[in-house]
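Chains as they are written, first to last, in full-length UniProt numbering: chain A, 1 to 212; chain B, 1 to 212.
Incorrect hints may appear among the rest.
Which copy is meant is left open, so a pair is good if it fits within one copy or across any two.
To be verified - Below, computed lysine-lysine pairings styled on BS3-like, alpha-carbon distance capped at 27 angstroms:
#1 K137 to K201
#2 K193 to K128
#3 K37 to K137
#4 K128 to K207
#5 K193 to K37
#6 K104 to K201
Bear in mind the hints are in silico, worked out from the structure with no lab data behind them.
There are 2 protein chains.
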Amino acid sequence: MFFNTQSLNELEQRYRAHLINSLSGFKSANLLGTVDKHGQENLSIVSSVFHLGANPALFGMIIRPHSVPRHSFENLLETGFYTLNHVNEDIVTQAHQTSARYEKEQSEFTETGLTAEYLNDFKAPFVKESEIKMGLKLVSEQVIEVNQTHLVIGELIALHCPDSVIQPDGFIDIEAANTVAITGLDSYHTTCKINRLSYAKPDSKPKPLVTL
Amino acid sequence: MFFNTQSLNELEQRYRAHLINSLSGFKSANLLGTVDKHGQENLSIVSSVFHLGANPALFGMIIRPHSVPRHSFENLLETGFYTLNHVNEDIVTQAHQTSARYEKEQSEFTETGLTAEYLNDFKAPFVKESEIKMGLKLVSEQVIEVNQTHLVIGELIALHCPDSVIQPDGFIDIEAANTVAITGLDSYHTTCKINRLSYAKPDSKPKPLVTL
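From just these sequences and the hints, can you work out the full model?
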């Protein structure tokens with residue numbers, strides 16, 4: 001099948017949303033946890049979190065202001081803190097359900113049965129059922145001019161994960177933590193490791209890494 | 001295991017890179033194809049492509065100016081066009097090898113054995129071995145102030161994919177196209193579908209979607 005600008009433009013809106021959302025490749029599955037100044041908690045699945053840098057440890061996230069995560073977005077702007085919690089296989093249905101358009105006074109924790117957990121003195125709620133939990137401080141928020149989406153950037157300031165999934169070189173085996181991947185708007189996937197490959201050099205071929 | 005800002009800062013640089021790069025979740029695996037004005041082709045694996053919007057169809061990508069994709073970055077700025085080609089299971093090793101620091105006058109197509117393919121009148125090379133191939137026009141490029149990375153945004157203007165992987169509602173089954181996912185800096189994964197889930201509504205529970 002071939003699509004050009006014209007045939008893409010002519011697609012029915014929902015068809016187009018499914019098609020285009022499938023194209024970037026596999027996406028991360030995170031639950032965005034926030035709380036407002038009055039203690040009202042919010043939880044929202046996001047598939048747009050991406051790595052921005054390791055030093056400092058920065059993550060980007062794209063939010064549409066009129067999308068379901070808008071309450072979470074308002075909360076993180078208000079408090080300056082949020083959590084990102086990996087979605088694992090056991091909580092896929094509950095995580096997906098957080099994308100329903102609940103009212104702001106409804107907590108998706110309560111509505112979906114996921115458990116808010118406050119760890120150390122971090123100001124936003126983590127998801128107890130998640131194995132890999134990140135606490136972030138808001139660093140910047142900017143509008144992407146071309147389509148008026150918002151780019152939220154946060155710095156990792158707290159990380160909780162099981163000892164067993166950290167390999168000797170620092171690599172975290174998120175597959176071993178049952179983290180899932182997303183495609184399109186609604187498809188969830190477990191994974192199966194092919195290999196870690198050695199650092200690529202021009203004069204040799206990559207070899208499978210043995211890290212045990 | 002718990003890390004706070006101080007213990008994250010104290011990590012050895014390479015360990016830290018592996019750790020932090022593992023945390024965003026599963027990442028997309030794309031080959032970025034470009035050519036400069038003199039016909040010199042370049043190909044580079046990127047794990048930072050993300051969905052930005054469906055209408056218009058926009059994709060973002062993070063590039064470090066001193067990273068391996070720098071030649072590709074220079075080319076796409078020069079010509080205004082680039083391709084993104086899904087990495088599938090059959091070409092994982094070759095795709096990974098494009099991350100070696102070849103000289104600018106070396107083509108990663110030649111060096112890795114992947115095949116440059118020009119389709120219709122699109123100005124940048126696609127990867128013949130890839131099942132899902134996107135041609136993009138550069139829309140904007142901006143520096144992310146907090147760590148001086150570059151955010152490249154492109155609009156999809158050409159899409160090639162097998163008829164068989166497009167479902168009736170527009171969803172593209174990239175798993176059926178053998179597209180792989182990446183974690184960390186060097187780990188490649190195939191996937192296994194759990195389910196597509198129905199559109200979430202506050203008063204009902206998500207159900208598996210049947211799309212056949």
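Quick rundown of the hints versus the structure:
no.	hint	verdict
1	K137 to K201	neither (36 angstroms within a copy, 30 angstroms between copies)
2	K193 to K128	both (26 angstroms within a copy, 25 angstroms between copies)
3	K37 to K137	within (16 angstroms within a copy, 43 angstroms between copies)
4	K128 to K207	between (38 angstroms within a copy, 24 angstroms between copies)
5	K193 to K37	neither (42 angstroms within a copy, 39 angstroms between copies)
6	K104 to K201	between (52 angstroms within a copy, 15 angstroms between copies)
Going down the numbered hints, you'll see the structure goes against 1 and 5, while the others check out.
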